[in-house]
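**Student:** As a plain string of letters, each chain reads:
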Amino acid sequence: MSVRQGLLALLADAPMHAYQLRHEFEQRTGGTWPLNMGQVSTTLDRLVRDELVAPLDVDADDVVRYHLTHTGRAELERWWTTAVVRSAPARDELSIKLALAVSAPGVDVCVIVQTQRTETMRALRDLTRLKADLPASGWTREDLAWSLVLDHLIFAAEAEVRWLDHVEARVARATDKGIVLAPRAASGELPPAEQAAREHVADGGAR
Amino acid sequence: MSPRATGPVVLALRGVTRVHGSGASQVRALAGVDLDVRLGELVAVMGASGSGKSTLLNVAGGLDTPTSGTVTLAGSELSALDPTGRARLRRRSVGYVFQDFNLIPALTAAENVALPRELDGVRTRQARREAHAALSEVGIAELADRFPDEMSGGQQQRVAIARALVGPRRLVLADEPTGALDSVTGEDVMRVLRARVDAGAAGLLVTHEPRFAAWADRTVFVRDGVVVDGTGERGGPEVLLTGGVR
Numbered sequence: 001m002s003v004r005q006g007l008l009a010l011l012a013d014a015p016m017h018a019y020q021l022r023h024e025f026e027q028r029t030g031g032t033w034p035l036n037m038g039q040v041s042t043t044l045d046r047l048v049r050d051e052l053v054a055p056l057d058v059d060a061d062d063v064v065r066y067h068l069t070h071t072g073r074a075e076l077e078r079w080w081t082t083a084v085v086r087s088a089p090a091r092d093e094l095s096i097k098l099a100l101a102v103s104a105p106g107v108d109v110c111v112i113v114q115t116q117r118t119e120t121m122r123a124l125r126d127l128t129r130l131k132a133d134l135p136a137s138g139w140t141r142e143d144l145a146w147s148l149v150l151d152h153l154i155f156a157a158e159a160e161v162r163w164l165d166h167v168e169a170r171v172a173r174a175t176d177k178g179i180v181l182a183p184r185a186a187s188g189e190l191p192p193a194e195q196a197a198r199e200h201v202a203d204g205g206a207r
Numbered sequence: 001m002s003p004r005a006t007g008p009v010v011l012a013l014r015g016v017t018r019v020h021g022s023g024a025s026q027v028r029a030l031a032g033v034d035l036d037v038r039l040g041e042l043v044a045v046m047g048a049s050g051s052g053k054s055t056l057l058n059v060a061g062g063l064d065t066p067t068s069g070t071v072t073l074a075g076s077e078l079s080a081l082d083p084t085g086r087a088r089l090r091r092r093s094v095g096y097v098f099q100d101f102n103l104i105p106a107l108t109a110a111e112n113v114a115l116p117r118e119l120d121g122v123r124t125r126q127a128r129r130e131a132h133a134a135l136s137e138v139g140i141a142e143l144a145d146r147f148p149d150e151m152s153g154g155q156q157q158r159v160a161i162a163r164a165l166v167g168p169r170r171l172v173l174a175d176e177p178t179g180a181l182d183s184v185t186g187e188d189v190m191r192v193l194r195a196r197v198d199a200g201a202a203g204l205l206v207t208h209e210p211r212f213a214a215w216a217d218r219t220v221f222v223r224d225g226v227v228v229d230g231t232g233e234r235g236g237p238e239v240l241l242t243g244g245v246r
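Top to bottom, those sequences are chains A and B. Quick note on UniProt numbering: the first sequence kicks off at 1 and runs consecutively. Quick note on UniProt numbering: the second sequence kicks off at 1 and runs consecutively.
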């Protein structure tokens, strides 16, 4: 998440001081990513160093207001007109957990999937409830911003539920085909998935 | 949305099993399903195609009869009624919403909504009055005189929701109600369905879209005719405090 570009976008509207910037940032992104003053100050310092932002004036309380420079405006324009780069995927605990589960002894992948789907569905429902609290019509700019942020979280949760459905079907098919899902447990006993798969193969075959 | 649903149970399924066919071709569409839907509660059913979720909806509405187990609708057990009684109970207690709206093209919105009441034996003027009230509740009172082909998909689906809950009907069974709608319109329809349930109805919703199921108080997942897991009872507002958003 880019605080740097976010502050540039806010300063394009009007000159602001650091507290105003923090307040506006949270207002306009639905309060989902709270900033602390340290982040705002550090980012402002860097923006000033890079000549994207400059101090405009100082009020009676010695508070500095900042404004956008020409270079800053050009940098912001570039941000609006180029796509956000989706680089290497972030390390995701759930995908790592499932990847390890299919090869771990004595682990029932289906149970992991069901437990996770329930949890993700619950999160999706809670996000949807937040959206239901928005008025049905007559939105303010803040309502619209908040709804877009919520929608992002909602679509991401939905994608996870769909992916979990897919994992469940994939694992079921792999088991049907007699693919052994887990190595022999240390105790020498077979994990349930492997036991089932082996019995299936021993029974003589493909369904 | 309402707090935790504590209203009376409108629909109760107990040990419901439905077997299609016999012998080697026998298919067990439902296998021992228990489910309660209370007044003020919207329950979503999810599952892959062939999981049994459509059978569940048909059995719940009395359109299909379980092989074993009981379905209790508005306090009456369906299997205890004769076919006429069952049909009457079904007609007066349950409304349906389908993916493709199923409005009668030759009737206006108000006439479509009034029709079930006229079939109930209510006089035309009273049925019209109730239809207008039902259309107001779904936010389209001004479209009462339009024909289905003069309305958008989202508007038609609102008419269908109004028709499903017109008069004394308190249970709406919705089968993929957002299936023919774009994402934003689908959301509007779910908002209306949610509001109608909150205002005093019960709903059972079959969908394959998690985003729309999320408008329900809880979601049950069906696989091979069995409810495998569910999101459980809806929590109070405290669930939002731990979520890390707003």
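Simulated from the structure, these hints should not be mistaken for lab results. Be careful, since some hints might not be right.
Just some of the chain A residues that point at chain B, by a computed CB distance under 10 Å [as the list claims (entries may be wrong)]: (1) T120; (2) R122; (3) A136; (4) G138; (5) T140; (6) R141; (7) D143; (8) L144; (9) F155; (10) R162; (11) A174; (12) T175.
DEER-style ranges, computed between Cβ atoms [claimed, not checked]: (13) A/G138 - B/P168: 27 to 35 Å; (14) A/M37 - B/P168: 30 to 38 Å; (15) B/G32 - A/D151: 36 to 44 Å; (16) A/A90 - B/A141: 32 to 40 Å; (17) A/R141 - B/G121: 49 to 57 Å; (18) A/D151 - B/D36: 30 to 38 Å; (19) B/R14 - A/P105: 54 to 62 Å; (20) B/G32 - A/A90: 35 to 43 Å; (21) B/T185 - A/A169: 27 to 35 Å.
C-beta atoms are modelled at their ideal positions from N, C-alpha and C, and glycine is treated no differently.
**Student:** None of the hints should be skipped; say for each whether it holds.
**Tutor:** Verification of the hints:
no. : hint                        : verdict
1   : T120                        : holds (8 Å)
2   : R122                        : holds (5 Å)
3   : A136                        : holds (6 Å)
4   : G138                        : violated (13 Å)
5   : T140                        : violated (15 Å)
6   : R141                        : violated (16 Å)
7   : D143                        : violated (12 Å)
8   : L144                        : violated (13 Å)
9   : F155                        : holds (7 Å)
10  : R162                        : holds (7 Å)
11  : A174                        : violated (16 Å)
12  : T175                        : violated (14 Å)
13  : A/G138 - B/P168: 27 to 35 Å : holds (33 Å)
14  : A/M37 - B/P168: 30 to 38 Å  : violated (59 Å)
15  : B/G32 - A/D151: 36 to 44 Å  : holds (38 Å)
16  : A/A90 - B/A141: 32 to 40 Å  : violated (49 Å)
17  : A/R141 - B/G121: 49 to 57 Å : holds (52 Å)
18  : A/D151 - B/D36: 30 to 38 Å  : holds (32 Å)
19  : B/R14 - A/P105: 54 to 62 Å  : violated (39 Å)
20  : B/G32 - A/A90: 35 to 43 Å   : holds (42 Å)
21  : B/T185 - A/A169: 27 to 35 Å : holds (29 Å)
Comparing the model with each numbered hint stated earlier shows that hints 4, 5, 6, 7, 8, 11, 12, 14, 16, 19 do not hold.
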